[in-house]
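From first to last, the protein sequence lines are chains V and E.
Residue numbers 3 to 243, in our numbering, belong to the letters of the first sequence in order.
Residue numbers 795 to 1022, in our numbering, belong to the letters of the second sequence in order.
Please note that a few of the clues may not be correct.
To be clear about the criterion: a stretch of chain E counts as covered by chain V if any three or more of its residues have a C-beta under 8 Å from a C-beta of chain V, and this derived list gives those stretches [stated by the list, open to error]:
hint	segment
1	845 to 859
2	905 to 911
3	955 to 965
4	989 to 996
These aren't lab readings, by the way, just hints derived from the structure by calculation.
Glycine included, C-beta positions come from ideal geometry on N, C-alpha and C.
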Amino acid sequence: MNNIVEAVRWLLTADAWSGAGGLWERSMEHLGYTLIALGISAALALPLGLLIGHTGKGRGVSVVATGAARALPTLGLLTLVALFTGIGLTAPMVALVILAAPSVLAGAYAGVESVNPATVDAARAQGMSGWQVLTRVEIPLGLPLILSGLRLAALQIIATATLAAYVGAGGLGRPLFLGLRTYDYPLMLGTSIVVILLAILVDAVFGTGQRLIRRIPGLAGPQRAPRGERRGRRRAVAAGG
Amino acid sequence: MSWVLENLDTIGELTLVHLALSLPAVVIAFLVSIPLAWVANRIRVLREPLLTGTGLLYAVPSLPLFILLPAVVGTSVRDPLNVVIALSIFGLALMVRSAAEALDAVTDDVRTSATAIGFSGVGRFFTVELPLAGPALLAGVRVVCVSSISLVSVSAVLGVNSLGSLFTDGFARDIIGSILAGIVMTVVLALICDLLLVLAGRLLMPWNKNAAAVRPRLRKRRTQEAAA
């Protein structure tokens, strides 16, 4: 407990946060990594997930693939890629994208699938093309689940980005590993607390975003799949991530 | 690959250590989540705080938790016990909600019928509700098991031995075979444990054999109803 008190005391000093390599700079680096990795994952996995959800093709394969991806140890991927690319940002980015993409993918296809089939049929009956059905009906109505996939991915990235420093990149892992090597418990603990707070903060931002989206009229409000079905979908997202 | 052949003993040993860290966590997460889920369903006011609260635990990154725990529990950073406790917490974060939903999915009709045949509260829970929630509980445990086995290796950067040591050693000494062996063994271990859980589910819940066949039919009927 003493260590925690000391760590918090250290966190409250201006020294801890300012300057090059200070916690502020490291936090921004950490957030930057998270944004880049989340952006790449989304660019790769969102279109694919939407396509799978829209066409219903490749669903079985993606369920198995996301399950298998969960078993992949991130530290292993990270060190393996780092042996080839050397120290720097490439290895962490590859590892983070492989880690996060399945969650985005699962959220995207589960979101599209969660749209009531009757609504989709109605849209088609009105003469909408496949593209219109996807962009005007399936994506808006599936948005809550698509977002929860992104939220889960963001959390996984923030948590794992600490490992980037293990192969020489920056982020909050830097002071954490420094503290670990020099037996500087306040440094190590204080940084850990900052990572945890950062994760909770990002989670809260996504949570608020999801709540705001639910308030937009016509979005996810009147659209409700049967009770049992909804529950199944939510589980599908959790299991897929 | 010669590295792998020369170090089969080490790999085997680390695999066992890896299992010894992850499996207790899965068991603890399962055993603790059931009463928590029961409370969440029984006392409605507590439901949301309990489910969101445990869910929030999942937002806590693993490495910082491995470091923070010793300061709270009083162990040292390199103590395997921290890893088990931290993994149990993550397992709990994943498991409580799915357990609560699994138990909640048992319909009131079933509950009332069980009471009518003369089951008491506790007896009804263990002989009727728990078995009926079994398949959904199993799905939750499978997720917890696979992610625990994968997550253990992170603790290697703190110096706790597991298959993750193959990553840190391999990286430090530039041995690709070591890292590859670690990745393959982790995935194989996760798949084997998952398979064993599925088999255990078949043995313990023989009535669930046809569930896969029943569900699509149900869904089809539901879609037809929705269309009509």
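Each hint tested on the structure:
no.: 1; hint: 845 to 859; verdict: holds (count 9)
no.: 2; hint: 905 to 911; verdict: violated (count 0)
no.: 3; hint: 955 to 965; verdict: holds (count 7)
no.: 4; hint: 989 to 996; verdict: violated (count 0)
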